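Under our numbering, residues 14 to 407 are what the sequence shown spells out, in order.
FYI, nobody ran anything at the bench for these hints, they're computed from the structure. Each hint should be verified, as a subset may be incorrect.
Unchecked claim - Distance condition first, Cα-Cα at most 20 Å in a straight line; then the derived EDC-like pairs of lysine to aspartate or glutamate:
no.: 1; residue 1: K346; residue 2: E384
no.: 2; residue 1: K373; residue 2: E172
no.: 3; residue 1: K163; residue 2: D80
no.: 4; residue 1: K149; residue 2: E113
no.: 5; residue 1: K145; residue 2: E208
no.: 6; residue 1: K16; residue 2: D223
no.: 7; residue 1: K373; residue 2: E170
no.: 8; residue 1: K198; residue 2: E181
no.: 9; residue 1: K200; residue 2: D223
no.: 10; residue 1: K391; residue 2: E211
no.: 11; residue 1: K325; residue 2: E374
no.: 12; residue 1: K198; residue 2: D402
no.: 13; residue 1: K394; residue 2: E181
no.: 14; residue 1: K57; residue 2: D25
no.: 15; residue 1: K198; residue 2: E211
no.: 16; residue 1: K16; residue 2: D287
no.: 17; residue 1: K198; residue 2: D223
no.: 18; residue 1: K325; residue 2: D383
no.: 19; residue 1: K394; residue 2: E170
no.: 20; residue 1: K340; residue 2: E384
no.: 21; residue 1: K198; residue 2: D116
no.: 22; residue 1: K391; residue 2: E162
no.: 23; residue 1: K50; residue 2: D25
Every value quoted in this text rests on a predicted model; they were computed, and no experiment measured them.
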Amino acid sequence: MIKIGLDRLRDDASLQNKITGNIALLCHSASVDSNLKVAPILFKEIFGDRFKKLFGPQHGFVSDVQDNMVETDHYTHPFFQVPVYSLYSETRKPTKEMLEGIDTFVVDLQDVGTRVYTYITTVTYLLEECSKQGIKVVILDRPNPVGLEKIEGNILETEFRSFVGALEIPQRHALSMGEYAKYAKKKLGFSVELEVIEVQGLTRSMFWQDTGLEWINPSPNLPTPQGAHTFCGTVLYEGTSLSEGRGTTRALEVIGHPAIEAYSFVEGLSDTLDEIDNNSFILRPVNFMPTFNKHAGVACGGVHIHVTDPAKFNSWHVSQYLCREFKRVLGDKFEWDKKDYEYAFGNLAIDLINGSLFVKEWVERLGSMDELISFEKKGHKQYLEEIKDIKIYK
Numbered sequence: 014m015i016k017i018g019l020d021r022l023r024d025d026a027s028l029q030n031k032i033t034g035n036i037a038l039l040c041h042s043a044s045v046d047s048n049l050k051v052a053p054i055l056f057k058e059i060f061g062d063r064f065k066k067l068f069g070p071q072h073g074f075v076s077d078v079q080d081n082m083v084e085t086d087h088y089t090h091p092f093f094q095v096p097v098y099s100l101y102s103e104t105r106k107p108t109k110e111m112l113e114g115i116d117t118f119v120v121d122l123q124d125v126g127t128r129v130y131t132y133i134t135t136v137t138y139l140l141e142e143c144s145k146q147g148i149k150v151v152i153l154d155r156p157n158p159v160g161l162e163k164i165e166g167n168i169l170e171t172e173f174r175s176f177v178g179a180l181e182i183p184q185r186h187a188l189s190m191g192e193y194a195k196y197a198k199k200k201l202g203f204s205v206e207l208e209v210i211e212v213q214g215l216t217r218s219m220f221w222q223d224t225g226l227e228w229i230n231p232s233p234n235l236p237t238p239q240g241a242h243t244f245c246g247t248v249l250y251e252g253t254s255l256s257e258g259r260g261t262t263r264a265l266e267v268i269g270h271p272a273i274e275a276y277s278f279v280e281g282l283s284d285t286l287d288e289i290d291n292n293s294f295i296l297r298p299v300n301f302m303p304t305f306n307k308h309a310g311v312a313c314g315g316v317h318i319h320v321t322d323p324a325k326f327n328s329w330h331v332s333q334y335l336c337r338e339f340k341r342v343l344g345d346k347f348e349w350d351k352k353d354y355e356y357a358f359g360n361l362a363i364d365l366i367n368g369s370l371f372v373k374e375w376v377e378r379l380g381s382m383d384e385l386i387s388f389e390k391k392g393h394k395q396y397l398e399e400i401k402d403i404k405i406y407k
């Protein structure tokens with residue numbers, strides 16, 4: 014059984030003594046201890062009046078708001094009687110006024126191990142601003158649900174830095190939140206005092222199901238740990254005309270479109286499925302009708318990705334392969350989503366998600382998987398070398 018950072022802080026007075034002065038806490042609904050007690054209640058009990066401010070990431074402090082520029086408000090919490098500041102509002106960075114009077118800023122966020130999942134960008138911005146203000150940052154670390162061994166996807170190209178990609182890292186980055194914070198500090202040269210309260214007993218090979226922890230949605234559309242495994246790839250469908258299952262009970266595990274006949278589509282994959290390692294998942298024909306988001310109220314056909322071997326599964330390969338096949342079948346009905354995406358105005362969402370123009374162009378010309386994988390691997394060796402000295406877990 015592992016022991017997460019919040020549990021260790023709860024039980025260890027010597028760790029509590031490292032949280033000095035006035036305290037701010039960045040957290041969300043998944044910020045619970047092993048007994049499912051929420052972090053702000055523990056902070057109120059442990060630190061009393063020194064617990065001054067709460068902050069929430071994208072989706073809000075209570076994780077109830079949907080994706081893509083649906084902002085949350087600042088307010089005073091009626092129970093905790095402290096201000097709650099949104100870092101997904103008119104600003105994505107904490108302002109000098111928000112940080113005023115704070116000595117130690119504590120972060121307790123459940124990440125899912127993917128570059129475009131915006132909590133790591135929020136932490137990057139937080140480190141930057143706390144560095145300027147001389148505020149100590151403490152990360153209460155948590156497991157990466159998809160493990161800490163495997164990377165997937167191309168390295169983000171610098172020109173595509175955005176709120177869904179603050180650093181030049183692969184799509185699946187194989188870091189815990191604490192490790193990522195150490196990497197961001199090193200990579201960007203921040204002077205911030207940073208401490209990570211690590212997870213006891215965690216190893217790099219562990220997936221969520223190995224931790225013994227209860228799964229709490231880290232965001233509204235990830236109701237299961239299985240969704241964390243598929244998310245690294247299926248998130249790309251946010252940049253297309255296909256539904257990624259938002260508005261269903263299995264978002265980011267199902268993909269579909271009104272013009273797809275599910276059974277014919279899956280049967281047609283038999284000609285090309287050998288292009289990828291297909292022994293770690295099952296593609297089940299599925300029909301669904303989103304209640305909101307893309308194709309709301311319209312029947313869609315497509316696939317449900319069932320992961321059968323997490324250690325071998327490569328979500329990025331599977332989803333890029335499927336994207337190409339959807340393009341092949343849909344033809345002109347396949348479109349790139351042109352709506353504004355995560356405040357990077359003037360860019361297509363798909364390019365921001367992929368962190369490159371290459372992948373979109375590869376889909377459009379129905380390129381080979383060998384070509385895509387060759388592109389994907391560029392920079393992997395350098396990245397793996399760069400993270401060696403910031404790894405906490407073995």
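#### Entry: Hinted pair K16 and D223, Cα distance within 20 Å
holds, 12 Å
### Task
Given the hint that K50 pairs with D25, test it: the Cα-Cα distance must not exceed 20 Å.
holds, 17 Å
### Query
Do the alpha carbons of K198 and D402 lie within 20 Å of each other, as the hint requires?
holds, 13 Å
### Message
So if I understand the rule, the pair passes when the alpha-carbon distance is 20 Å or less; does K145 with E208 pass?
### Response
holds, 17 Å
### Message
Hint check: K16 vs D287, CA-CA at most 20 Å. Holds or violated?
### Response
With a Cα-Cα distance of about 41 Å, the restraint between K16 and D287 is violated, given a limit of 20 Å.
### Message
Hint check: K198 vs D223, CA-CA at most 20 Å. Holds or violated?
### Response
violated, 29 Å
### Query
Does E170 lie within 20 Å of K394 when you go C-alpha to C-alpha?
holds, 15 Å
### Query
Taking only the CA atoms, is the gap from K391 to E211 under or equal to 20 Å?
violated, 31 Å
### Query
Are the Cα positions of K346 and E384 separated by 20 Å at most?
Since the Cα atoms of K346 and E384 sit roughly 25 Å apart, the hinted pair is violated (cutoff 20 Å).
### Query
CA of K340 to CA of E384, is that 20 Å or under?
This hinted pair holds, its Cα atoms lying about 17 Å apart.
#### Entry: Given hint E172 paired with K373 - CA-CA distance at most 20 Å
Holds - the C-alpha atoms of E172 and K373 are around 16 Å apart, at most 20 Å.
### Task
Below or equal to 20 Å on CA atoms is what counts here, so check K373 against E170.
The given pair, whose Cα atoms are some 14 Å apart, holds under the 20 Å limit.
Violated hints, listed in ascending order, are 1, 3, 9, 10, 11, 16 and 17; each of the other numbered hints is respected by the structure.
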